Structure formats: C-alpha cells, structure tokens
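Novice: One-letter residues, chain by chain:
Protein chains: 2
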Amino acid sequence: MNILKSLFTYRNVKILKPGLICDCNRSYAVASPPHLEPGLFKPQKVLILTKLSRYEYEKRRHPELTEKQLEKCLSLRGSDYNNLLYHHYIHKGVENTVNSTFAAAGIQTRVIYRFDYTDPNIEWADAIVTTGGDGTFLLAASRIPDRDKPIIGFNSDPTRSKGQLCLPQKYSVEVQEAIDKLLKGKFRWTFRRRIRITLIGDDIFKPPVELHNQQLQYHEYRYLDMEPQLRNVDEGLPPCSETGMARRVLPVLALNEVFIGECVSARVSYLELSMDNVKGIKQKCSGLIASTGTGSTSWTYNVNKLTDQNMEEILTIVKEETGFKIKDTDEKFVRKITETFNEMLITNSEAPRMVYTIRDQLVTSPLRGECIKPRGISKSISVRSRCFDASLVIDGGLSFTFNDGTRALLEIHDEDALRTVTLQGDVTEVVFKH
Amino acid sequence: MNILKSLFTYRNVKILKPGLICDCNRSYAVASPPHLEPGLFKPQKVLILTKLSRYEYEKRRHPELTEKQLEKCLSLRGSDYNNLLYHHYIHKGVENTVNSTFAAAGIQTRVIYRFDYTDPNIEWADAIVTTGGDGTFLLAASRIPDRDKPIIGFNSDPTRSKGQLCLPQKYSVEVQEAIDKLLKGKFRWTFRRRIRITLIGDDIFKPPVELHNQQLQYHEYRYLDMEPQLRNVDEGLPPCSETGMARRVLPVLALNEVFIGECVSARVSYLELSMDNVKGIKQKCSGLIASTGTGSTSWTYNVNKLTDQNMEEILTIVKEETGFKIKDTDEKFVRKITETFNEMLITNSEAPRMVYTIRDQLVTSPLRGECIKPRGISKSISVRSRCFDASLVIDGGLSFTFNDGTRALLEIHDEDALRTVTLQGDVTEVVFKH
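Residue numbers (my numbering), protein chains in the order written: chain L, 1 to 434; chain U, 1 to 434.
To be clear, the hints were calculated from the coordinates, so they are not data collected in a lab. Where hints are given, some of them may not hold.
Since the list gives no way to pick one copy over another, a pair counts as held whenever it fits inside one copy or between any two copies.
No more than 30 Å apart at the CA atoms, straight line, and that leaves these computed lysine-lysine pairs for BS3-like [said to hold, decoys possible]:
1. Lys325 with Lys305
2. Lys42 with Lys149
3. Lys282 with Lys206
4. Lys379 with Lys170
Every value quoted in this text rests on a predicted model; they were computed, and no experiment measured them.
Using the sequences plus the hints, can you model the full thing?
Specialist: This is how it looks when you write it as structure tokens:
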C-alpha cells in the first residue's frame, strides 16, 4: 500500500447533496427486497473475484522458466519484466487489503480467480466484490443474471486504469472507508441498465466464441466457464414463435454495449435497422454499436468523440467562410468546444435507453425513405443481418454468429439491471441532457 | 442499353484545359516506354475481366433449382429476384457493348470471369479492361505487379455503384467514344500510387486469408487464384535482414488502403507507430488505416467524414458559447461547412504519399513524449504489432497475420504505380490542398 499512497493523488470527486443525487434518479429507481435496503444490507459471505495479473499470467504460461529466464523471454517480446512485477505488487496489495478488511468486519470471504467463478460460488455469496479493473468487473457482472445480487468493484491498480465501473479511485487506498460506508448503509444502489438480446432465425443456437481468451488487455476476462451453460442450449427443442422461426433470449446481458457487424474489421456490413417505431432501413456501414449509459464512456465514447484536430479544421473553415472572431486563443476555444461536445456523449447509466452509433454510415438516398441518423437514442432496436460473416458481440467478449437473415432484438428491462453501489459523498455521474 | 440510357442522367463532369491537368500532375509523372505513349499505344489484344453478377452467382450456387424455385429461395432470404435479374441485364449489356466495340476496332478480345484471371491470360493481353464495379477493378489491379500493364475500367452498372475507379459514368453508355479516344491517343496515363508492404518478423510466411470469398458486396472479387502463388513462398529459405529476422515484401500492392489491427472489430488494437521521422509511439485504438489518394474516397473517407449531425451539434455549442450569428439558414451553413471539410479529405491519387487514420485513438499522455495526430499524411509508415490476433488487410480483401512482435513497413514507390487512363476532356480529380 505504500507504493500506492506515494504515487497516487486523489482525483477531485464532485460532491452533490445526497438529496440531489436521489432526485436525479428517482424516476429510474428500482424496488429492493427488504434485506437489500441500505442499512439493512449485512452481507455475511463475500466472494472476491480477483484479477489474474499479467505477471501471474506469464508465470503460468511459462511454468518451466526461472525468473531470470522469464525476464529474458519477456524482453525478447518487447515487454518489461520489472514493470509487470511492479503492477503485480500494487494489485496484490489492494486485493489483500480488501480481503482482510472484510474479514476484520466478521465477514466470510472467498478469494478466487476467474477459473473458479462458478455458479455454486456465486450462489454462496451475498455479494460479489472484484479486485481488478473494468475487465474483471465485466466478467463478474456477466454471470449475474438479474438485479438481486449486488456487485462492488475495487480498482486494484488506479495507476494503470481508470476503472469506470469500479468505486472511485480513492477507495483503492481508503478500503476501510468504503467497507464502513457499505456496512453502515451509507450508500445507495445504482441500477446500471443492461441490454437484453433476443435472436430470431435459423442459426442461433451455435455456441459463441469467446474473444478475450489470452488477450493482453483483458486477459483476466474469460468466458470459458460459461461454455457448458451455453452448450446445453443445443439440447432439446428450440422454442418457436408464430412465424415458425426459432427465438432465443441470450443468457448474457450487455453491460457496456452490443456490437453488430461483420466480424472482420475491414469488411462492409449490411444491416436492416429499426429504431423504436422507424421500420427497417438498410444500412451500409462498419457495424452498429448499441450502448448502455454505462458503455457511453467506453468504446462508444472513443468512436464518437470530437478530436481537437477535427475541431481546429472546422474552426479554420468557419473563419474563412464567415470572418468569425473569438476572444480566446484558438487553442482554448477548440478545447472548450471539444470538451462540451464530448461531455454530451455521456449518458446516465440508470436511464432505460440505449445510445446507438452506426459506424461509418454510408448515407442512404433520401429517395429511399426515412433515414436513420448516424447517432441517437432508442428504447429498442431491431436488427436484421444482411451480412456474410457477422457477429453480435457482447461487451467485446462473447461473439455470437449473426449471418444473413438472422434478426436481433435489443431491449432494456428493469429486471435485468445490475445492482451496483454508489457510496455516500460520491457521484458516478453529474448532469445529463438525456 | 436502352434501359441504361433511359435511366441514366449524365453527371456534370468538370472540364479543365488539358494543359492545366498536366501542370497539376507534372511533378508526379512517370516515364512511359515508347509503345505506351498516348498516340503510339495500339493494343492488339485486350483481356476483359467481367463481373459475376449477383444473379449469376446465385444460379451457380443453386444449380438444381428452376427459375421459379430460385425466385422463392431468394425471397425467403429477403432478396428480390426481379431486381437481381434487372441489374444482371444492365451489366451484360455493357459487357457485350465493350466487347463488340473493341472487336469492331480490329482488336482481339478474351472475356473471362475471375476464375480465369490468371497470369497466362494477363501476359497474353496488351491491356486489361474490366466491366463491373470497383470490386472488379480492384481484383484486376491486384494481379498487375508494376506500372507496365495498362488497365481501363468500365462501370457496368452506374445505377448501382459510383465506380470511383472506373471511367466516368457516361462511358457506360458512350462506349464507342471511350474506345475511340483510347485508340486515337486522346488520353493521358494516370499513375495511381500503390502501397508496398514489407513484413518483418517470425510468422510472416503464412498464406493469407481471402476475405471476399462469397461476400454479397464484392462477390466477384476472389483471390483464390492467387493462393498457389502465395503458398510457394513457404518453400525455400526466407531472406533475412542483418538483425536475423525474416523480411518479406508482399506480392500484392494496396491500391486503396492497408488496414492494420485486431481482425475482430470489437477488440482493442495495440500498435507502435512510426511516421516518417517520428519514432515508435504506442497507440491504443481500433486499428490503423493507411490509404492512398485513390483510397481517400473510399473507406477512409467514410471513417473521417464530418456528418451533418455532428456539425449541427457543434454549431449549437458554438452559438451558445459565443452568440455567433450566421446569414444563411442553419441547415445551409451546416451543409456548406460539412462539404468543405469533407472535400479536404480527398487527396490526389498520383501523389506519392499516404493518408493515415488512427481509428478511435485513445489519447496518449503528453508526458509520454511526442503524440501522433489521429489523422495525417506520411511518406512512409512503420508499424509494430502489440496485438493478440491481428491482421494486415489489403484493399479489404487479403488478410495477413500480424501478431505481437511483427513489424510492417508501408511505402510508396514509383515503379509500383498502377497505369490507368484519364480520357481527354475528363477529370478524375480537380483541386488538391495536398
């Protein structure tokens, strides 16, 4: 913990009056069973899902190597052994502190890696805690099928990742304070809305592919444990709708976003989209991203953000066209407009709406009827694949086949929300336009 | 041809004085051998690579079905049989006219589908002609290894595709005029620059994957014929550079663009980029697109274009911040700025430079040294993969493995240019800022 304290400066946390937070979110509140009311919530058993650090991962991958040999092997690949070790210790420090702090409060804990993140362990626990980054949190959330199991994330390496889904960074150091607030009811539940996906078509029961297997970024994030659960779907008769086509509600909810499109980046995607009440319009694009409010700070944000470079060029053109004059320096003005634009991309994680983006949309001819804007908000989205080799990808991790003729329905339902925590005195989000 | 004439209105072609065109491009001119000088160029043998229409493709795919059965089968998949037939006839009309017009001029022709687009046929021909869309043109160009074999593209269905790479749309009707101009020397060569790719690393001799196999969009575009050529590279010793790592210049040049990144769309890509003299900066993004001038109207354009929607929102913010007033209606003003911005994205196909785009770039910390702008121009680009399962994709068609540790060098060389035609009185591009 010394390493962390010496490195880490607390980010300024915007504090609103508790009443104001509640007001903002009153319309999105979801009822809680009595034992989950803040103040009455007293978990006896906590499952701690901890990240497999990059260092641990490499050790397991090369069990036959000594430390010195491992250092050399990593160096040949352009990786820094000392750096890996350093971050490993930071992570372990946070994990140990979280574990011992819960134990000191008289709570039973089990600390597990992803390989043991199984249904029996999840059922045993009153709450799931993660020590890792957003990847670990996403993995944990993926096996929580409804809003009745709370999940709390500790960012175990704030020097490395922002940890949007975890508690604010200060609690990576102030673990005691976080757990005190939790056990004393000094928090409210934040119901992060998730997207439910229904597939309709012929080829919808194939087991999905898991994308994160050994990826450097989220290498702690594997769905392999889910495969038995998903494979069993092949057995028995698939349910049919009136049209005779099979329907399947996927057993995984999207916490960040659903991507739909050709799974190979360089291929053009053809999709027919229907938003709320606008009926099927054929799109030629690089795919569709349907994001929750949670996901609006993630991939969707990076796809849609305005860059300083673009704003500079736009400003130059506007000045040439109109002789427009500004008081600030160009640089300051550009920064201001860019920031304002980008802030508006972030939406409330509790609002029951999706933000969608049609990537690199080729503008459809106005003669062909109503167009769909490249970016917007929708309560429900229906997509029909006209693709060759496409996928429906959930949270960048689980990839389902989605080829020509298959349909997907994306919706948000209250019962699918993820029950997470906002501790008293903190805010996760401030003001939203929508 | 009647169908086409009745449907099609000629696009206004901007005409510059021939001298002015030459001046713009004098600095990019490439010397021609005597027999290729306009006026002296008299092809005796022309190979016509024709598109396999969607209708023909479906017929071959379902040889056992009658016409009525095929119509029903397509309808179940949401496709329109009559529409397919209609476009098939338009295409065949142009193909037949091109063939007969060359024949009437005393020129030997061979009309082939992609399956017969082989080296012997290419060597036989004095010039390659395509009747199809941009996909057919790209396929034809992919087997022309240097600047000595001319290629001319006829857009065989201008109702359907813009055909950026083909002759202007009017020549789909005025075939005779086009061929007259060609044979009378009333044209100049346009040398479309292409990107040469060198791979350096361990795993660089794997045969590539061909992406277009049965894709609905460019289904006429297959590299399968190339596989023997590419597989042979495995035999014999790979050449080594001084560092001992294998080097390989790929046998395919990029006419549009090179995409480098995780081949699965939903994955984050880690790349180390060096542009001209800026040394390796690690990028976290959705991939890199390095585009030629030719490619700057294609995928790159759609990735970078400013949408009316974004410009509207920017205008709203600017007005709120500054009280900015404009004379035009908002809509007109937005359109004007957007168009001006987007026009600047298009670069000269003959300029020996690449336009690069770093997709969804996560901004690197300024503390880590010089940043690379998300979009810019470079004469040469060096990329090192820090990816898990990435590809280097040429013209959206051929995909080479590009995993952690592998390097790629992208360059433009005069000898790699593609020799295409600009007929007298037409322009392919007008004014360029760069």
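Novice: Hint by hint, say whether it matches the structure.
Specialist: Hints, one by one, checked against the model:
no.	hint	result
1	Lys325 with Lys305	both (25 Å within a copy, 25 Å between copies)
2	Lys42 with Lys149	within (13 Å within a copy, 78 Å between copies)
3	Lys282 with Lys206	within (26 Å within a copy, 37 Å between copies)
4	Lys379 with Lys170	neither (35 Å within a copy, 46 Å between copies)
The structure fails hint 4 only (numbered hints given earlier).
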